[in-house]
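Student: Letter by letter, the chains look like this.
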Amino acid sequence: MYGYGGTIVRINLETGEIGRSPTPETFAREWLGARGFVAKTIYDEVPRDADPLGPENLFIIAPGVLTGSFAPCGSKVGFGCVSPLTNGHADSNMGGHLGPELKFAGYDMIVFERISPKPVYLFVDDDTIELRPAEQYWGMGSLDLEARMKKDLGEDFQIATIGPAGENGVAFACITHDFGRQAGRCGVGAVMGSKKIKAIAVRGTRSLPVHDLPGLTKHTYDIIQRTKTHPNMEPWQKYGTALFVSWANEHGCFPSRNFQTTVHEGWEGISGEKLAEEVLVTHKACFGCWMNCGKYSRARIPGKPDAYLEGPEYETIALCGGSCGMTDIHHVAYANYLCDNLGLDTMSGGNIVGFAMECFQRGIITQKDLEGHELRWGNIDDFEHFLRMIAARRGIGETFSHGTRAAAQKLGRGTIEFAEQAKGMEFSGYDTRWYSAQLLSYCTSDIGAHHNRSWAITADIELGQDTPVGKAPVVIYLQHIRPLFDTWPCCRLFWGELDVTPEEHAEAIKYLTGWAMTIEESMRVSEKIWNLTRAHYLERNGGPGRKHDVAPLRQLEERIPNGPAEGRKVGTENFEYMLNDYYANRGWDRDGNPTREVLELLGLKHAADNLEKRGLLGKPIPGGIPKVRGQKLKPKAM
Amino acid sequence: MRIKVDKSRCTGCKLCQQICTIEHYHEINPKKAAIHIGAEFPAPGVFTPMLCVQCGACARACPEIAIERTGNDGAFVIDPSKCTNCGVCIETCPIGVMYSHADAPTPIKCDLCLKCTEVCNTGALTVVDTPRATSR
Numbered sequence: 092m093y094g095y096g097g098t099i100v101r102i103n104l105e106t107g108e109i110g111r112s113p114t115p116e117t118f119a120r121e122w123l124g125a126r127g128f129v130a131k132t133i134y135d136e137v138p139r140d141a142d143p144l145g146p147e148n149l150f151i152i153a154p155g156v157l158t159g160s161f162a163p164c165g166s167k168v169g170f171g172c173v174s175p176l177t178n179g180h181a182d183s184n185m186g187g188h189l190g191p192e193l194k195f196a197g198y199d200m201i202v203f204e205r206i207s208p209k210p211v212y213l214f215v216d217d218d219t220i221e222l223r224p225a226e227q228y229w230g231m232g233s234l235d236l237e238a239r240m241k242k243d244l245g246e247d248f249q250i251a252t253i254g255p256a257g258e259n260g261v262a263f264a265c266i267t268h269d270f271g272r273q274a275g276r277c278g279v280g281a282v283m284g285s286k287k288i289k290a291i292a293v294r295g296t297r298s299l300p301v302h303d304l305p306g307l308t309k310h311t312y313d314i315i316q317r318t319k320t321h322p323n324m325e326p327w328q329k330y331g332t333a334l335f336v337s338w339a340n341e342h343g344c345f346p347s348r349n350f351q352t353t354v355h356e357g358w359e360g361i362s363g364e365k366l367a368e369e370v371l372v373t374h375k376a377c378f379g380c381w382m383n384c385g386k387y388s389r390a391r392i393p394g395k396p397d398a399y400l401e402g403p404e405y406e407t408i409a410l411c412g413g414s415c416g417m418t419d420i421h422h423v424a425y426a427n428y429l430c431d432n433l434g435l436d437t438m439s440g441g442n443i444v445g446f447a448m449e450c451f452q453r454g455i456i457t458q459k460d461l462e463g464h465e466l467r468w469g470n471i472d473d474f475e476h477f478l479r480m481i482a483a484r485r486g487i488g489e490t491f492s493h494g495t496r497a498a499a500q501k502l503g504r505g506t507i508e509f510a511e512q513a514k515g516m517e518f519s520g521y522d523t524r525w526y527s528a529q530l531l532s533y534c535t536s537d538i539g540a541h542h543n544r545s546w547a548i549t550a551d552i553e554l555g556q557d558t559p560v561g562k563a564p565v566v567i568y569l570q571h572i573r574p575l576f577d578t579w580p581c582c583r584l585f586w587g588e589l590d591v592t593p594e595e596h597a598e599a600i601k602y603l604t605g606w607a608m609t610i611e612e613s614m615r616v617s618e619k620i621w622n623l624t625r626a627h628y629l630e631r632n633g634g635p636g637r638k639h640d641v642a643p644l645r646q647l648e649e650r651i652p653n654g655p656a657e658g659r660k661v662g663t664e665n666f667e668y669m670l671n672d673y674y675a676n677r678g679w680d681r682d683g684n685p686t687r688e689v690l691e692l693l694g695l696k697h698a699a700d701n702l703e704k705r706g707l708l709g710k711p712i713p714g715g716i717p718k719v720r721g722q723k724l725k726p727k728a729m
Numbered sequence: 573m574r575i576k577v578d579k580s581r582c583t584g585c586k587l588c589q590q591i592c593t594i595e596h597y598h599e600i601n602p603k604k605a606a607i608h609i610g611a612e613f614p615a616p617g618v619f620t621p622m623l624c625v626q627c628g629a630c631a632r633a634c635p636e637i638a639i640e641r642t643g644n645d646g647a648f649v650i651d652p653s654k655c656t657n658c659g660v661c662i663e664t665c666p667i668g669v670m671y672s673h674a675d676a677p678t679p680i681k682c683d684l685c686l687k688c689t690e691v692c693n694t695g696a697l698t699v700v701d702t703p704r705a706t707s708r
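Each protein sequence line maps, in turn, to chains A and B. Under my numbering, the residues of the first sequence are numbered 92 to 729, in order. Under my numbering, the residues of the second sequence are numbered 573 to 708, in order.
These are calculated hints, taken from the structure and not from any lab test. For clarity, every value in this text was computed on a predicted model and none was experimentally measured. Relax, there's no trap hidden among the hints.
Far from chain A, by Cβ distances over 12 Å, these chain B residues were calculated:
id, residue
1, R641
2, D651
3, V660
Straight-line alpha carbon distances no greater than 25 Å define the calculated DSS-like cross-link-like pairs of lysine-lysine that follow:
id, chain 1, residue 1, chain 2, residue 2
4, A, K319, B, K576
5, A, K727, A, K660
6, A, K725, A, K601
7, A, K329, B, K579
8, B, K687, B, K579
9, A, K319, B, K579
10, A, K241, B, K579
11, B, K576, A, K329
12, A, K638, A, K501
13, B, K687, A, K319
14, A, K601, B, K687
15, B, K687, A, K309
16, A, K319, A, K329
17, B, K579, A, K242
According to the in silico footprint, chain B covers these stretches of chain A (three or more CB under 8 Å from chain B):
id, region
18, 156–168
19, 296–305
20, 365–375
21, 378–392
Glycine included, C-beta positions come from ideal geometry on N, C-alpha and C.
Excised from the complex, chain B in its bound form:
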């Protein structure tokens, strides 16, 4: 499966970011979320949710082999016991969706928990079935 993003439906409400940090950090803090929302205002007036597509580039680049396909439906997940927070994965990510936060011990990436799709009420984030998580 994967999370399908339809940016034309995103309203910038940040519910996805809140539930993301509640799920992963037991905190409410949109800036720690694995999903960011680009906002192009005043023109053209577009929101763009940006999150990991599970391409695996980070895993291939990680010098500690700390990113492995251990998540939901084969999602790439950071192992905090191996991660040194060196930032190579953030630099390597081809679409800039490995995030960081001063209070987070490791980079932040989507692990396909799908919670965001449960609270999104506009269809901007939906789950679609695909054979493998690597599918784009």
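Bound-form chain A, shown alone:
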């Protein structure tokens, strides 16, 4: 088979048994890779009552068809499991070089089963696959360990690690690679840690089998030459995602002090421009990317050691920076480093610390809870102490280590009203009170409030910021197109910022595999995955679906106090309108449960049967489901 590594590996961590089998072409074509491989395997194999951190959960690594190819930015690799943060389907992906290395070693998916009796790391060197002892690495920081393993094994190994937070089962622990690329969300690092896998080291020296290499080469070569002069190229190369900081403040969607308002006093100090002036060391790209949005930086704070890190990216600046009240780019960069080395997602991590800071502001937690420390807005020492409490699950850090929702449920006293999360997943760095399509995106997402499932900020502007009308169909389209980039997988930014079309990405699959695969076929795979992971969520968490698609009260009913979006809120009535519209446009019933008609149309009869057995299947829609589900809209670059 062309375009793939060719082999799927299964590792029983309990017995040490390692099995290999050829990647079936039918499986590859039906699910494409990464997020698709993960969704299908997790749905089929993990028992619905399995503890996310227990032996029955699986932990999966999967590149996909575009990974490691000359197709535009085929850098991505997916990780999957059931999430300890949301108790639903989990997938999270990273760029860098790990996925391509796996493909060059010949692998399309590695499935880890059970739990290792002792800490191990996975060693892959072409045909050699071994579980090696990792006691000597246990307890090390993610970044420290990568540097150590590069010395131990050689520069040409690609390495992914977890930090202490992953070892300790913090529900939003991440996986780190290439000194700063993360599979950050859903707590995939905690599941890796629960299985006692400290790291993955891969070297692949083989060539990728390609169906039509001259075709692929010309295709990508032409795209490179065309996009070199795109107007977005220069700012993205210069500032990366951090260039969005100024825009988000000017447009009233930047989270400040745990989303208390949406323009951040002092944002100029943590902007992309400040990053480039103050902390930037070098620009850094993922495999096969000519836009190099990665920024590698050094934080210098008197009294602390210099810290090297990749970032801070927009999301980190928004959540560790704005949401925690910071105004100094060195502090944000240092916070980024702390999260990375401890093995915590900077997004959930920043969001949670911001939430805790508001709890401290309101006197809900006090110095007594914080081992004598405070938790003041913008104070990096307070941030560091509290973050270390979370990573170690020490004292009140244990309460917060399960995520914002769980912490609010335990703290009580109305804290859930300002816990900015959906399905237990902390909000990305966008307030939604003037961006209702983004709120709908967060709340209907299978993994919770992650912007990568659907980034609708500029779509909101296009459709009208003060109306809920017309938002749902666009959100559905975005929920199919954006996650598709996690399925092929490749970076979405060439589409979003450089106008490389989805059709062009899909065409690369044709050259790689020889399949006559259209963009429509890819989109259908994406919709199928969306419905499958919805079914999975309901089967694990019960129904109706609507009861899980819930927005934080702050976003619905608390008016923004100042700034460009002053006075705005989404409003409960508007939100309910959008949900109704969304379910109808998806072919789900009014309770938010998928119907047999839509599931069978997508080839998911078994999911319909499973839902029916549990009383979770949507009631048939009078007049049938919509023929077209979702409305195409390419969001403008900012």
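Guided by the hints, dock chain B onto chain A, whose structure is given.
Tutor: Below, chain B alone, put in the same frame as chain A:
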């Protein structure tokens, strides 16, 4: 002409390595490329593209006289019909830019095809005119 390397502009994307192996082996395999990228991380955070500067030391050392100036603009090129893959050139290279790969029949060196400079989008690899390829 020669390829000028500005390591401060290298982002480690490996596009140069991919196009190199596509051009020379009709394969995608960065580990077979005639250009390697050194990466010093976490500190100081520097990428260093490393490739042949056409000094000719390999040609002078080759016992089979298999390396001759038959390439683009007088670049030194390995003649596979003469090369025995003995590895003397790899040992001799003063800057360590003669590479090898288990699947490659000969050592791997840059022949100044310049494809890498066409895909590099940061200015890390550019073509500069010089009178002779031997120029450093």
